[in-house]
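**Q** For reference, the chains in residue letters:
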Amino acid sequence: MSKSIVINLVRFVVLVFIQVFLLKNISLYNLSTPYLYILFILLLPFETPNVVLFALAFIMGLTIDAFYDSPGLHAAACVILAFVRIIFISITVQKDGFDNEPEPTLSIMGFRWFFTYTLTLTLFHHFFLFNIEAFRFSEIQYTLSRFLLSSIFTIFLILISGLLFFRKKERK
Amino acid sequence: MRNLWIFISKYNAFFLFLIFEVTSLVIYVKYNSFQKATFINSSGEITGSLYAKFSEFSGYLSLKEVNDSLARENAQLRNQIKSSLYVDTVTKHKVTDTVYKQQYEYIQAKVINNSVNRSNNYLTLNRGSDQGIEKGMGVICDKGIVGKVVFVSGHFAVVQSLLHKDSQFSAMLAKNKEIGYIEWGDDLNPHRGVLKDVSNNALPKLGELVVTSGYSLFPAGIPIGKISNLHTKAGGVSLTMEVALAVDFTKLDYVNVVNNKFATEQQGLEAQQKKDE
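Line order of the protein sequences matches chains U and X.
Here this note's numbering is used: the first residue of the first sequence is 1, the next is one more, and so on.
Here this note's numbering is used: the first residue of the second sequence is 1001, the next is one more, and so on.
In short, the hints are calculated from the structure, not lab data.
A hint or two may mislead.
For each label pair, taking beta carbons as the anchor points, the in silico distance ranges come out as [as the list claims (entries may be wrong)]:
1. 165/U to 1012/X: 27 to 35 Å
2. 1009/X to 165/U: 31 to 39 Å
3. 1012/X to 68/U: 23 to 31 Å
4. 27/U to 1071/X: 55 to 63 Å
5. 1010/X to 7/U: 50 to 58 Å
6. 1055/X to 9/U: 52 to 60 Å
7. 92/U to 1010/X: 16 to 24 Å
8. 1030/X to 164/U: 37 to 45 Å
9. 1030/X to 136/U: 12 to 20 Å
10. 66/U to 1062/X: 29 to 37 Å
Counterexamples of contact, computed for chain X against chain U with all Cβ distances above 12 Å [what the hints assert, rightly or not]:
11. 1009
12. 1155
13. 1246
Built from N, CA and C at the ideal position, the CB exists for glycine as well.
Isolated chain U, as found in the complex (with noise of 0.2 Å):
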C-alpha cells in the first residue's frame, strides 16, 4: 500500500517533469502535441477509490495547468478520463481477480488490453482537451486534426513507455 503511494507520488512528480519539460516544447507543425503525463491516472491502481481517483486526477490536472497557463481546462479533461477510466474498467476488467494491488499496467495487462484502454483513454483526454480549449466550433476541422494527430503522438509515447518498464516476472 505505502510502497504504491510512493511509486504513484514518484510517477506523478516525473511525469509532470517530462511533460512540462520536455514535451511542452514539443509540437509538431503546432498540430501534435503529446499529453504523457496522462499516464499518471492509467496507471493508477485497480483499487483506487473513486474519490481519491477523481481527486488525483483533478490535482494532476491543476498541476499541468499551472505550467500551460490554463487553469480548468487539464483537469477538466483528467476528470472526464478517469470518468471514463471508471467505466472502462468496469466493463473489462473482473476486480476479485487480483489480491496484490495490481496496476493496469502493460506488463501486467497483456498488450491488447492495455491498448485498447490506452486508445479509449486517451482518445476522450484528447477530444474533450482540445474542444474545451479550442471552445468554438467554428474551427472544428483543425480541432479535430490537432486532436486525431496529438492523440497518435500520446498513445505511441505511452506504448513505449510501457515497453521501456516492461517486466516480465510480473505477468501472472
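Fit chain X to the supplied structure of chain U, relying on the hints for placement.
**A** Using the frame of chain U, we list chain X on its own:
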C-alpha cells in the same frame, strides 16, 4: 433517504465526476478571459445563426415591401444628386464702365435639348424668364452665333437655331464690311450656311471670315463662319456664297444668351418710323 444514499453511493463515480468536472470547468471559464468572453458568445453563436436563418427565410416574405422602399429611396436620392438639381444661380457677364454704357449682357445657359437633323431645328436652354431671358434675344457660344430665343418659360427657353428655314441673321464680310444675310443652306447640312445679298463689288475670297454685322440681335463681329464656296454668277444683282459655319451645332453644350439692353428702345423707335411712313 436511505434509498437515495444507496443510489448515490452506487453511482458515486458519476456524481464525483459531475462535481469535479463542474469545478474544473468553473475554474476554466472564470480564469481564462478568452473562454470567459466566448462563453456568452458561443451560446450567442447558436442563437445568432438561428436568427440569421430565420431572417433569411422571412426576408423573402417582405421582398415586395423592401423593393418598394428601395425604389422610393432611390428616387429620393436621385432627386438629391447634383445633375437633377436646377441650378438657380446665374452667371451674368457684365462690365461696369462709366465711359461706356453697357449694351449687351450675357446670360450663361446650358443646352439641355438639341437637334440638328430636321429641317427646323430648335435648342432648349436651362434658363428662362426668371433669369432674365426674353423672347427675341440672340444666342451665341464661344465659337459663334447659335440662334435666337423664340419661346420662354419660367426656367427654360427654346432657341430657334441657325439651322432653321426661317432663321436669317444680318452678317458681313469681316474685311470690307460688306453686308449680307446668313441663312441655313438648302441641303440640310448642319455645317454649312449661305450668305446672301452681298453687293456685287464686294470681291469676297475663299476662306474669308464672315461675322455678325451688329444690325441684328448680336453685337458686331461675332464670328459666323468662313467662306467655303463662291457661286459667282455673272449678271446677278447680288452675290451668294456658301459659308462653313464656325459653330458645330452637333456639339453644343454651353451658350450665352445676349441681352441687348437697347433693343426695346431701338424697336420702339423703328416702329415709330414705320408708323410715320
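**Q** Now, for every hint given, state plainly whether the structure supports it.
**A** Hint check:
1. 165/U to 1012/X: 27 to 35 Å: holds, 31 Å
2. 1009/X to 165/U: 31 to 39 Å: Given a distance of about 35 Å, which is inside 31 to 39 Å, the answer is holds.
3. 1012/X to 68/U: 23 to 31 Å: Check passed, 30 Å falls within 23 to 31 Å.
4. 27/U to 1071/X: 55 to 63 Å: For residue 27/U and residue 1071/X the Cβ distance comes to about 58 Å; the hint holds.
5. 1010/X to 7/U: 50 to 58 Å: violated, 30 Å
6. 1055/X to 9/U: 52 to 60 Å: holds, 59 Å
7. 92/U to 1010/X: 16 to 24 Å: holds, 20 Å
8. 1030/X to 164/U: 37 to 45 Å: Given a distance of about 39 Å, which is inside 37 to 45 Å, the answer is holds.
9. 1030/X to 136/U: 12 to 20 Å: Between residue 1030/X and residue 136/U, where Cβ atoms are some 18 Å apart, the hint holds.
10. 66/U to 1062/X: 29 to 37 Å: Taking Cβ atoms as reference, residue 66/U and residue 1062/X lie about 55 Å apart, which means the hint is violated.
11. 1009: violated, 10 Å
12. 1155: Non-interface label on residue 1155/X holds, nearest chain U Cβ at 60 Å vs cutoff 12 Å.
13. 1246: Holds, since 72 Å exceeds 12 Å.
Checked against the numbered hints above, the structure breaks hints 5, 10, 11 and satisfies the rest.
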